[in-house]
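**Q** So the sequences go chain by chain: A and B. Letter 62 of the first sequence, counting from 1, is numbered 62 in this note's numbering, and no numbers are missing. Letter 33 of the second sequence, counting from 1, is numbered 33 in this note's numbering, and no numbers are missing.
It is worth saying that the hints were derived from the structure and are not from the lab. Don't be surprised by glycine CBs; every beta carbon is placed ideally from N, CA and C. No false leads were slipped in.
Here chain A is said to cover these stretches of chain B; the calculated rule only asks that three of the stretch's residues, wherever they fall, bring their Cβ under 8 Å from a Cβ of chain A:
| id | segment |
| --- | --- |
| 1 | 17-29 |
| 2 | 46-59 |
Distance ranges between label pairs, derived from CB positions:
| id | chain 1 | residue 1 | chain 2 | residue 2 | range |
| --- | --- | --- | --- | --- | --- |
| 3 | A | 57 | B | 69 | 38 to 48 Å |
| 4 | B | 76 | A | 20 | 20 to 30 Å |
| 5 | B | 22 | A | 62 | 21 to 31 Å |
| 6 | A | 73 | B | 47 | 15 to 25 Å |
| 7 | B | 65 | A | 68 | 44 to 54 Å |
| 8 | B | 76 | A | 47 | 18 to 28 Å |
| 9 | A | 54 | B | 81 | 18 to 28 Å |
| 10 | A | 75 | B | 47 | 19 to 29 Å |
| 11 | A | 49 | B | 81 | 18 to 28 Å |
| 12 | B | 80 | A | 9 | 38 to 48 Å |
Number of protein chains: 2
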Amino acid sequence: GDAWEVVDDHHLEASYEFPDFETALAFTNDVGELAEAEWHHPDISLSWGEVGIEMWSHEVGGLTRADFVMAARMDRLYAADGE
Amino acid sequence: GDAWEVVDDHHLEASYEFPDFETALAFTNDVGELAEAEWHHPDISLSWGEVGIEMWSHEVGGLTRADFVMAARMDRLYAADGE
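Use the sequences and the hints to build the structure in full.
**A** Shown next as structure tokens:
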């Protein structure tokens with residue numbers, strides 16, 4: 001969950017691993033709550049044991065500071081969930 | 001949300017539309033609850049105003065009756081959310 005990649009100079013991408021579906025869904029909700037609070041909404045892919053994130057700033061069609069701030073916050077959420 | 005497709009003779013695919021992120025997240029949770037209850041877990045893609053589903057039976061590497069039952073239940077959840 002600590003390996004964000006910049007893809008095509010356009011978006012950030014990361015994948016977080018979980019022991020099962022339920023914990024992956026819980027993280028999806030954490031990310032969703034953050035997205036609503038920041039009014040910055042990533043694309044989230046949820047499957048058994050994995051949550052994938054793609055994120056960019058739609059208003060500029062690419063990356064802004066907001067994306068990197070959100071990425072760091074998701075890493076902290078993930079670390080907190082693992083505690 | 002009523003247009004399930006069989007793709008590559010291998011999985012079911014559908015896309016449900018929502019007015020915003022919050023309602024899409026709520027539907028994701030409904031589907032997640034169903035998945036846990038049925039112990040049959042689709043891949044879910046959540047983005048602003050849309051939830052995509054891909055589903056198959058991993059134990060046979062393709063579709064079984066369980067997939068079609070789940071598909072129908074998701075349609076009912078979607079219809080219920082819209083009420």
